[in-house]
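2 protein chains.
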Amino acid sequence: MRYLITFSYDGSNFFGYQKQLHKRTIQNEIEKALFLINGNKNVSIHASGRTDALVHALNQKAHFDLNKELPCLNIKNALNSLLPKDIYIKNVEQVNNNFHARFDVKYKEYKYIINTGLYNPIERNYVYQYNKNLDIDNMKKGIELLIGTHNFKSFCKTNNEQLDYIRTIIKANIEIEDDKIILTFKGNGFLRYMIRNMVGTLIKIGENKINYKEINNILKKENRIYAFKTANAEGLYLNDVFYKE
Amino acid sequence: MRYLITFSYDGSNFFGYQKQLHKRTIQNEIEKALFLINGNKNVSIHASGRTDALVHALNQKAHFDLNKELPCLNIKNALNSLLPKDIYIKNVEQVNNNFHARFDVKYKEYKYIINTGLYNPIERNYVYQYNKNLDIDNMKKGIELLIGTHNFKSFCKTNNEQLDYIRTIIKANIEIEDDKIILTFKGNGFLRYMIRNMVGTLIKIGENKINYKEINNILKKENRIYAFKTANAEGLYLNDVFYKE
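Chains as they are written, first to last, in the numbering used here: chain A, 1 to 245; chain B, 1 to 245.
Derived by calculation from the structure, the hints in this document are not laboratory data. The hints are all genuine.
Derived pair list, reagent style BS3-like, types lysine-lysine, alpha-carbon separation capped at 25 Å: (1) Lys229(A) with Lys85(B); (2) Lys23(A) with Lys85(B); (3) Lys171(B) with Lys204(B); (4) Lys213(B) with Lys140(B); (5) Lys141(B) with Lys229(B); (6) Lys41(A) with Lys23(A); (7) Lys180(A) with Lys180(B); (8) Lys85(A) with Lys23(B); (9) Lys140(A) with Lys171(A); (10) Lys111(A) with Lys180(B); (11) Lys204(B) with Lys157(B); (12) Lys85(B) with Lys85(A); (13) Lys132(B) with Lys90(A); (14) Lys209(B) with Lys141(B); (15) Lys111(B) with Lys180(A).
Just chain A, same shape as in the assembly (with noise of 0.2 Å):
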C-alpha cells in the first residue's frame, strides 16, 4: 500500500532533509516513527527531494510502501505522537503503486525571506538578516530574467556533477511585506544551492554593485565563478510541490 504525505518542518535543529548515520535529520525522525507503524520494519520515504541544513519546508511530500492498509487519518495521527515537535504532518494519502513523489514532480516552489528590519531574536533561524537597503526595483528587473528555460550551472554547487543543467522557472518574483523581501521561485526543478545562489547575485543587484542584466551573463558563463555569495539557509522554504496528473 503507497501512501503520499505532505508535511512541514523546522530545519533549524536538522542536518537536513536526507537520512544520515547518527545525525538528526528529518528522513531518519520520519523512518523510525513509520518503523513502529509498520509493525517494526523499515520502511523507505521517497521524499520530492532533500532540503539542506538549516532550510525549513511548509509543504514537503514524500512517499513510503506499509506492509498493510491503514486508514490514512490513523497514519497521520499515529506519525504526529510519535513524530518530535519540528515536523508535522499536515495530510496522508493513499496513492497509485507507480506514483512517486520525486520522479513525478511537474513543479515545485520555494520561497526566500530577507529582513531588513530590526533584527529580531525570535526570527533568527526563519529569515536572512540583512541591514542595508537594497534597491526592490533592479532585484525585480533581475529576477525576471531567471524565468523561461536556462543551463543553470552558474547557480549550482561547484563541484556538483550533473548531467543536466538546464531547468526551467514558470515564475520568480518578489513581493513585500513591511521589513521584509520575499522571493517566490516556481520551476520543474532546482539544482543544489541553485535558489541561494540566485538570490545571492539577486542581493548583489539590491545593493547597485551589478547591473541587473548581468543575471544574462552569468546564465551565459554556465561557471559557478560568476554568480555571487550563496545567501543563508534559514531564509529559505520549500512551500510546495506540484504532480503530474
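For chain A, the structure is supplied; the task is to place chain B on it using the hints.
Chain B only, in chain A's frame:
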C-alpha cells in the same frame, strides 16, 4: 554612570529572565557580557520585571551602572557582539542616577498570541496552539471586564504571597490576524502568571463553557481556585515598558 537598555529575546531556550545558578537565563547572559565591558568587574542589571521560562520580550528594559562613561553606541555594539543570538540589544541610553527600571515603571504592555490555524512547526515556540474554534465576540466582552482597578488575586499564581493584589489595567483588547488571536494587556503592573491566567479564563469563555460575566465573579472571589488553567508560556510576549516622565 547609569544606562538604560531596551532589548528583545527569544525565551525558548532560557530558564526565564531572572539570574539562577548554573542555569541559562537572560539576566545571567547580559551580566556576563557586561562584566567584560566593565573591565572584569561585576555589573548587576535591574529589569522592569522578570519574565518566566519560555516567555519572549520585544522591548524589555533594564538599567545598570558602569565604572566609567562609555558611548552608548559602543556599549550596544559590544553587548550585541558578546551576547548569544537569542538576545538583542536594541538601544542603550544614559539616564539619571536616580532612575530605576523597575520602580519607575508607569505601564507595561504584554501580548498573547493564540493560533487557531493549522499547527506550524516553525511557530511552535511562539504561539499557543489551540485546535478548536473560539467565540471571539464573547472573549471580547470578557476581556473588557478586566479593564480598571481590581484585586487580581484570583488570577495570581497560588502561594505567591503579595502585600497587594490591586492592579490597574488601562487597555485590554483582542485583535484577529488571519488564524491568530492576539490579546493585548496594558497596565500599571501584573502579578505572577496573571496574564496567562486571564488568558486561560478567556479561552473558557471562548469555548462557551462559562459566561463572559463570570469574570466579575472570579475577580470578586479573590481566590485562584475560581479562575481557570494557566495558558502556556510560549504565547506570551512582553511588548513594551513605559516610564513616568
